[in-house]
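Chains as they are written, first to last, in our numbering: chain B, 1 to 197; chain S, 198 to 394; chain U, 395 to 664.
Check before you lean on any hint, since a few could be wrong.
[As the list claims (entries may be wrong)] Residues from chain S shown here face chain B by an in silico Cβ test under 8 Å; the list is partial:
hint, residue
1, 201
2, 212
3, 227
4, 231
5, 251
6, 254
7, 255
8, 256
9, 257
10, 258
11, 275
12, 276
13, 286
Think of the hints as simulated: they come from the structure by calculation, not from any bench. Glycine included, every Cβ here is placed at the ideal spot set by N, Cα and C.
Listed here are the chains, written in short residue letters.
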Amino acid sequence: MNQIKNIVEALLLSSGEPLSADRIHKIINSKESCTKADILEAIDTLKIDYENKEIEVSRVASGYRIQAKSTINDFLNIIYADKTPRYSRALMETLSIIAYKQPVTRGDIESIRGVSVSSSIMRTLTDRNWIKIVGYRDVPGKPAMFSTTNEFLDYFGLEKLSELPDLPDIKEPQNLSLDLEPDMADEVTQVSSEQLN
Amino acid sequence: MNQIKNIVEALLLSSGEPLSADRIHKIINSKESCTKADILEAIDTLKIDYENKEIEVSRVASGYRIQAKSTINDFLNIIYADKTPRYSRALMETLSIIAYKQPVTRGDIESIRGVSVSSSIMRTLTDRNWIKIVGYRDVPGKPAMFSTTNEFLDYFGLEKLSELPDLPDIKEPQNLSLDLEPDMADEVTQVSSEQLN
Amino acid sequence: MDKPIQAEMPFAIVQGEQLTELPKDLYIPPVALQVFLEAFEGPLDLLLYLIRKQNLDVLDIPIAEITEQYVDYINLMKDLELSLAGEYLLMAAMLAEIKSKMLLPIFEEIEEEDDPRAELVRRLLEYERYRSVSEEIDLLNRVDRDVYLSTAETGNYQQPDILPDIELPDLIIAFQEVLKKAEMYSTLHFMKEPLSVKERMSEILDKINGKDFVKFEDLFNLQEQKTGLVVTFLAILELMKELLIEVVQAQEFGIIHVKMLVEKENHEPN
């Protein structure tokens, strides 16, 4: 059992990407008979082992990974000084629209941002494997529809899309002084037509 | 002391590059007072800690790093086997044109696909021993003519080219014939030069 | 004519004095201003900045004021010869349109119509939602900035050189794709002859010769495939370029008419 824990640890450290419990099970089981429960137990034991250490097991969208605890970020910042990639506001806005409204076309993004989407931003997002084409919309020109990937969630340390910050509520332009009444009238009409159906 | 060992471990795991004892000492000493002897002792203790694990501390030219023991190499093979690369559509199309239309020049392939053929595709196919140069066409520039090889047939378990499946239900464009006669291939060249005019 | 003059918004205050236009003798390094102006992510972003800067309510934008300030910025960018994205000019036009609609006398019936600002407000609010959430996402713990992954080298492990596998059906599918594409090209090639632009130009000239005006849409034969329609359109453009015909539209969204610039009879000797 201890042996399985050690293999899981070594695999998580050397796989170069997060590994799900299923995947770890498949990999180890191909050589040494083990159950998925063994894998989950090994991961739990690792978590306990690491409690007093400066590393931790974290769970993200594509699986488990091992990372440094933020308590030693001050030291690591010295090593990584200035190597942190920066992303422009335009890129973050584009990425946010794709994340919350997926699947979206470039046209959708453009109509929200009010400016054309630069190809270099889409390429950066694709190269980083944060977005991918998931289909083509059935309208003239068959534009590609983009969604975010698990790697996107991994990068931001999330397990699923629902963990993203809440999108602020729409402040309804109904409050515009001029069209308060017609809107109320519309609502009444809708209700009555609904009742008819 | 235990704390220093844990920081050294986390730094070695997360630095992304080997760290010398001097460098580790400088980094940790910037926040927490310690001696270089403390660092060396921490590394020695880590080595003992890892004896039963599947990772080890190794010393390389630029310092210390943590690596997986070779005992888990079999598992790593499985992880990397899942990452089998795939050939691009451009390469597949190029190969199929050479297979069905051989012998062809790069110009022939370009005029059929409507885009230029990248040198890296031709190199990949040559490196894989799937295509070879079988001669030079007697036109200005003496372009090389490519054909598929016996290794190509072997790869697909075919004995001869005529065993390549016929393509049903596709209306044959007039300037593209499935015949493997060289004079037909010449026609392609003529078409492409017409298109240039 | 007397009319109240609206005070211009100063864009800078220097020693207590408000500046409403760039002093001619003041040298601002173009790079500095460029950085400032390029900080905007588009017309919506710039508008939100103008509105927020003055603590105005997005839901009740003083459109005249904002339009003026917006245009000031646009002009500033133009003065500095900064390349201006077309979207900025489009927004200026939209603001002007809203402004003119708001100036229309309000009759009872019109009062019940939508506020001309509604669409702009909707877009501003929608954009602001994503802009603000993108700032939150920017603050999430991310790899290489807030989270450092722990990895072990695979020092004595030689990653096998794996070559991609292909199956025979993959190869056949690829060639079918090639054939489909080639078929497309050959069709175009084939169409080129019967539908040459030159020929179509003569047909159009024949059609409008001797008539005052011909309706633009009458020049198209709807029985034709798309290629045919495109050829007709190209022919019309070519005729315009060669100054043989004139295309006029009397009013916005009105019928487009085509007229010969020089009557054939006058043009031809005898």
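Hint by hint, here is what the structure shows:
{"no.": "1", "hint": "201", "in the structure": "violated, 10 Å"}
{"no.": "2", "hint": "212", "in the structure": "holds, 5 Å"}
{"no.": "3", "hint": "227", "in the structure": "holds, 7 Å"}
{"no.": "4", "hint": "231", "in the structure": "violated, 12 Å"}
{"no.": "5", "hint": "251", "in the structure": "holds, 4 Å"}
{"no.": "6", "hint": "254", "in the structure": "violated, 13 Å"}
{"no.": "7", "hint": "255", "in the structure": "violated, 13 Å"}
{"no.": "8", "hint": "256", "in the structure": "violated, 18 Å"}
{"no.": "9", "hint": "257", "in the structure": "violated, 16 Å"}
{"no.": "10", "hint": "258", "in the structure": "violated, 18 Å"}
{"no.": "11", "hint": "275", "in the structure": "holds, 5 Å"}
{"no.": "12", "hint": "276", "in the structure": "holds, 5 Å"}
{"no.": "13", "hint": "286", "in the structure": "violated, 14 Å"}
Comparing the model with each earlier hint shows violations of hints 1, 4, 6, 7, 8, 9, 10, 13; every other hint is respected.
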